[in-house]
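Visitor: Take a look at the letters that make up each chain.
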Amino acid sequence: MSNYSEESILNYLGPYKGEASAILRSLQLVQELLGYVPDSAIDLVAKNSNVSRAEVYGVFTFYSDFRSTPPAQVVVKVCVAEACQASGNAELISQLHGQGYDIHSGKIKDDIQMEQTFCLGNCALGPAAMVNGKPIGRATSASILKTAVELIS
Amino acid sequence: MIKVFVPLDSAALSMGADEVAIAIVQSAASQGKDITLIRTGSRGMLWLEPLVEVETSAGRIGFANISTEAVPELIKSGALDTGSHKSSIGLVEEHDFFKNQNRVTFARVGVIDPLSISDYENHGGLVGLRKALEMSAAEVVSQVTESGLRGRGGAGFPAGIKWQTVLNTQSDQKYICCNADEGDSGTFADRMLMEGDPFTLIEGMIISGIAVGATQGLIYVRSEYPHAIDILNRAIAMANEYGLLGSNVLGSKSAFALEVRVGAGSYVCGEETAMLESLEGKRGMVRAKPPIPALVGLFGKPTVINNVMTLSAVPMILAQGAAAYQALGHERSRGTQVFQLAGNIKRGGVVEVAFGITLGELVDIYGGGTNSGKPVKTVQIGGPLGAYLGTESWDVAMAYESLAQAGGMLGHGGIVVFDDTANMAKQARFAMEFCAEESCGKCTPCRIGSTRGVEVIDRIVAGEDQEKNLELLEDLCEVMTDGSLCAMGGLTPMPVRSALKLFPADFGIKTGAKL
Numbered sequence: 001m002s003n004y005s006e007e008s009i010l011n012y013l014g015p016y017k018g019e020a021s022a023i024l025r026s027l028q029l030v031q032e033l034l035g036y037v038p039d040s041a042i043d044l045v046a047k048n049s050n051v052s053r054a055e056v057y058g059v060f061t062f063y064s065d066f067r068s069t070p071p072a073q074v075v076v077k078v079c080v081a082e083a084c085q086a087s088g089n090a091e092l093i094s095q096l097h098g099q100g101y102d103i104h105s106g107k108i109k110d111d112i113q114m115e116q117t118f119c120l121g122n123c124a125l126g127p128a129a130m131v132n133g134k135p136i137g138r139a140t141s142a143s144i145l146k147t148a149v150e151l152i153s
Numbered sequence: 154m155i156k157v158f159v160p161l162d163s164a165a166l167s168m169g170a171d172e173v174a175i176a177i178v179q180s181a182a183s184q185g186k187d188i189t190l191i192r193t194g195s196r197g198m199l200w201l202e203p204l205v206e207v208e209t210s211a212g213r214i215g216f217a218n219i220s221t222e223a224v225p226e227l228i229k230s231g232a233l234d235t236g237s238h239k240s241s242i243g244l245v246e247e248h249d250f251f252k253n254q255n256r257v258t259f260a261r262v263g264v265i266d267p268l269s270i271s272d273y274e275n276h277g278g279l280v281g282l283r284k285a286l287e288m289s290a291a292e293v294v295s296q297v298t299e300s301g302l303r304g305r306g307g308a309g310f311p312a313g314i315k316w317q318t319v320l321n322t323q324s325d326q327k328y329i330c331c332n333a334d335e336g337d338s339g340t341f342a343d344r345m346l347m348e349g350d351p352f353t354l355i356e357g358m359i360i361s362g363i364a365v366g367a368t369q370g371l372i373y374v375r376s377e378y379p380h381a382i383d384i385l386n387r388a389i390a391m392a393n394e395y396g397l398l399g400s401n402v403l404g405s406k407s408a409f410a411l412e413v414r415v416g417a418g419s420y421v422c423g424e425e426t427a428m429l430e431s432l433e434g435k436r437g438m439v440r441a442k443p444p445i446p447a448l449v450g451l452f453g454k455p456t457v458i459n460n461v462m463t464l465s466a467v468p469m470i471l472a473q474g475a476a477a478y479q480a481l482g483h484e485r486s487r488g489t490q491v492f493q494l495a496g497n498i499k500r501g502g503v504v505e506v507a508f509g510i511t512l513g514e515l516v517d518i519y520g521g522g523t524n525s526g527k528p529v530k531t532v533q534i535g536g537p538l539g540a541y542l543g544t545e546s547w548d549v550a551m552a553y554e555s556l557a558q559a560g561g562m563l564g565h566g567g568i569v570v571f572d573d574t575a576n577m578a579k580q581a582r583f584a585m586e587f588c589a590e591e592s593c594g595k596c597t598p599c600r601i602g603s604t605r606g607v608e609v610i611d612r613i614v615a616g617e618d619q620e621k622n623l624e625l626l627e628d629l630c631e632v633m634t635d636g637s638l639c640a641m642g643g644l645t646p647m648p649v650r651s652a653l654k655l656f657p658a659d660f661g662i663k664t665g666a667k668l
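Chains as they are written, first to last, in my numbering: chain U, 1 to 153; chain R, 154 to 668.
By construction, these hints were calculated from the structure, which means they are not laboratory data. Mixed in with the good hints, there may be bad ones.
Straight-line alpha carbon distances no greater than 27 Å define the calculated DSS-like cross-link-like pairs of lysine-lysine that follow [what the hints assert, rightly or not]:
1. K156(R) - K252(R)
2. K134(U) - K499(R)
3. K499(R) - K239(R)
4. K156(R) - K239(R)
5. K435(R) - K47(U)
6. K186(R) - K156(R)
7. K156(R) - K284(R)
8. K134(U) - K146(U)
9. K229(R) - K186(R)
10. K239(R) - K229(R)
11. K454(R) - K17(U)
12. K146(U) - K499(R)
13. K435(R) - K454(R)
14. K107(U) - K579(R)
15. K654(R) - K621(R)
16. K654(R) - K527(R)
17. K435(R) - K17(U)
18. K134(U) - K109(U)
None of these values were measured; they are calculated from a predicted model.
Throw the hints in and build the complete structure from the sequences for me.
Guide: Okay, here's the thing in structure tokens:
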């Protein structure tokens with residue numbers, strides 16, 4: 001939270017003050033702002049929503065979108081669901097692995113982080129991937145990395 | 154002035170449609186060609202993307218698989234005037250994939266600018282809503298009931314009966330919740346409609362609100378669909394500005410407010426009660442039913458929960474009358490279904506036809522077989538919880554009951570094709586693994602059974618005590634089916650059992666072994 005004070009985050013969450021039904025949205029807002037949800041922000045959301053920390057932590061851990069550490073500059077989501085399995089995603093995943101990117105551990109290499117996802121809704125043009133929100137159809141390790149490298153400033 | 158159309162659908166974007174659109178504008182300018190570029194949804198012939206279209210007096214002509222590099226030559230060749238070019242597929246609506254479809258829900262997808270209300274109205278939009286505004290709530294509900302429309306999310310529950318229940322329930326507040334958490338692999342119709350024709354969904358939700366007396370709608374969209382979320386938000390802002398949404402819908406006394414809520418990467422939140430929990434800001438834990446959400450739904454209030462496709466069928470039903478919709482279909486499955494061809498398929502995309510088309514027709518005639526050119530081994534219908542079927546089921550009519558009779562499940566209408574290199578033991582294992590990963594954890598058969606399922610399948614494949622472990626797997630499947638609160642645990646045995654039954658050899662089971 002280096003660039004954001006506690007106060008600015010609480011300000012940001014202002015519209016949801018006292019709303020227990022806004023826990024999920026509050027966490028999403030924090031992640032939008034910071035790129036991740038630092039542990040201290042869980043307390044802030046709890047305070048703002050007027051619920052216990054445990055409740056917020058429970059929501060935070062339930063949803064796979066939330067991260068507890070800062071993401072790489074480029075996040076690549078690689079689909080591992082059935083339609084992409086049928087389109088040969090195993091080869092894609094092993095190629096990426098061969099280049100040092102592990103979609104299961106999500107470890108960061110050269111400011112690129114690869115993660116698995118279940119379905120991007122591009123099931124007729126698999127294997128499907130998404131690079132910082134940009135969809136890639138008929139993905140190859142080359143097309144993914146080309147797009148990723150272009151996005152690194 | 155020539156009108157050129159380039160899709161903004163995210164499947165088209167994944168093949169470079171944005172870059173192609175930019176190249177067309179730049180190339181046309183540098184060549185002194187006067188064009189207007191219009192972004193549309195996709196026609197659903199996804200293997201042809203990016204599919205660039207140009208308006209001619211005979212209709213729209215398409216140019217398939219256009220790359221940015223090909224654009225300057227395409228324009229220079231005069232193809233935008235003549236329609237002839239090596240990439241031309243001729244009139245798009247005469248294409249053999251397209252011309253025999255019956256586009257009702259998808260009538261405007263790929264045709265109009267998704268963010269133009271006037272385009273929407275010029276193509277038949279808002280007719281259904283205007284009619285609904287003249288009717289009593291009960292009349293609107295009875296139109297939907299008479300149409301025979303059933304829930305397109307998978308369960309196939311009659312929409313009219315659900316609406317009637319909410320209408321009959323007294324409450325100070327009721328809600329319309331649209332389930333746009335399209336998490337099933339092999340399905341993308343909701344996404345394509347939201348990106349290609351969002352006003353149809355918005356209109357359907359307003360009509361639903363009028364029908365049951367709800368003034369607040371929520372669309373729960375998965376976070377994996379950033380483009381759909383963006384387009385919906387822009388469309389809702391336009392609808393508010395236009396007076397389509399707000400305290401006086403189209404100048405009437407009816408009020409309706411609409412909001413998009415974004416999911417956070419949980420498959421089980423596509424289950425309706427888990428979705429309600431998530432909309433309330435909580436963990437997506439499934440609720441026990443009864444009470445049904447129509448009586449006790451969002452924040453405890455009566456709630457209509459329908460899928461994107463269900464709500465999007467409503468405007469046409471109101472516009473053209475229940476009888477027109479009811480006239481289409483097969484047995485108790487009325488109307489059209491938007492089938493999605495996915496996976497290892499040569500011509501993947503969207504096929505909207507009346508229920509009753511055979512599975513073989515969809516995969517072989519529309520889909521053209523596998524993309525790899527190898528024989529089809531199996532298809533999985535209805536997402537990760539759907540059964541695997543083999544080519545011996547090619548003659549099965551695609552409708553709720555007939556498919557169920559063949560051991561399958563229609564689900565959301567997605568068909569994932571696998572060629573003969575697929576290993577079905579792996580697929581069965583994945584089904585259990587996926588369930589373990591995505592289970593909300595509320596009930597034991599799903600939470601623990603899925604992990605045990607992975608282990609037992611591993612033992613069977615390794616040849617350990619096969620007969621005993623097969624028995625154990627069957628027992629486990631039975632417990633999961635009967636003992637889970639929702640479809641997550643309850644239907645995971647479907648892909649597992651069907652894979653085992655159809656392809657025992659993939660599990661290392663010797664022919665003649667007792668299954």
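Visitor: Compare the structure with each hint and give your call.
Guide: Here is how each hint holds up against the structure:
With a CA separation close to 22 Å, the supplied pair K156(R) and K252(R) stays within the 27 Å bound. In summary, the hint linking K134(U) to K499(R) is supported, as the alpha carbons are separated by about 24 Å, within the 27 Å threshold. Simply put, K499(R) and K239(R) have alpha-carbon atoms about 20 Å apart, close enough for the 27 Å limit, and the pair holds. Among the hinted pairs, K156(R) with K239(R) is consistent with the structure: their alpha-carbon atoms are about 20 Å apart, no more than 27 Å.
At most 27 Å may separate the alpha-carbon atoms for a hinted pair to count; K435(R) and K47(U) meet this at roughly 16 Å. Taking the CA atoms of K186(R) and K156(R), the gap is about 11 Å. The hint holds against a cut of 27 Å. Between K156(R) and K284(R) the alpha-carbon distance is near 33 Å, which puts this suggested pair outside the 27 Å criterion. Of the pairs offered as hints, the one joining K134(U) and K146(U) holds, with about 12 Å between alpha carbons and a cut-off of 27 Å not exceeded.
Straight-line distance between C-alpha atoms of K229(R) and K186(R) comes to about 9 Å, which keeps the hinted pair within the 27 Å bound. Under the criterion of a C-alpha separation no larger than 27 Å, the hint pairing K239(R) with K229(R) is consistent with the structure, at around 13 Å. About 23 Å separates the Cα atoms of K454(R) and K17(U), which keeps this hinted pair within 27 Å; it holds. Between K146(U) and K499(R) the alpha-carbon distance is near 26 Å, which keeps this suggested pair within the 27 Å criterion.
The suggested pairing of K435(R) with K454(R) holds, with an alpha-carbon distance near 17 Å, which does not exceed 27 Å. Annotation: proposed proximity of K107(U) to K579(R) holds, straight-line Cα distance about 26 Å (limit 27 Å). Taken as a hint, the K654(R) and K621(R) pair is honoured in the structure, with Cα atoms around 16 Å apart against an allowance of 27 Å. A threshold of 27 Å between alpha carbons decides the hint, and for K654(R) with K527(R) the separation of about 22 Å falls inside it, so the pair holds.
For a cut-off of 27 Å, the pair hint linking K435(R) to K17(U) stands: about 16 Å separates their Cα positions. Restraint check for K134(U) and K109(U): satisfied, since their Cα atoms lie roughly 19 Å apart, inside the 27 Å limit.
Of the hints listed earlier, the one the structure fails to meet is number 7.
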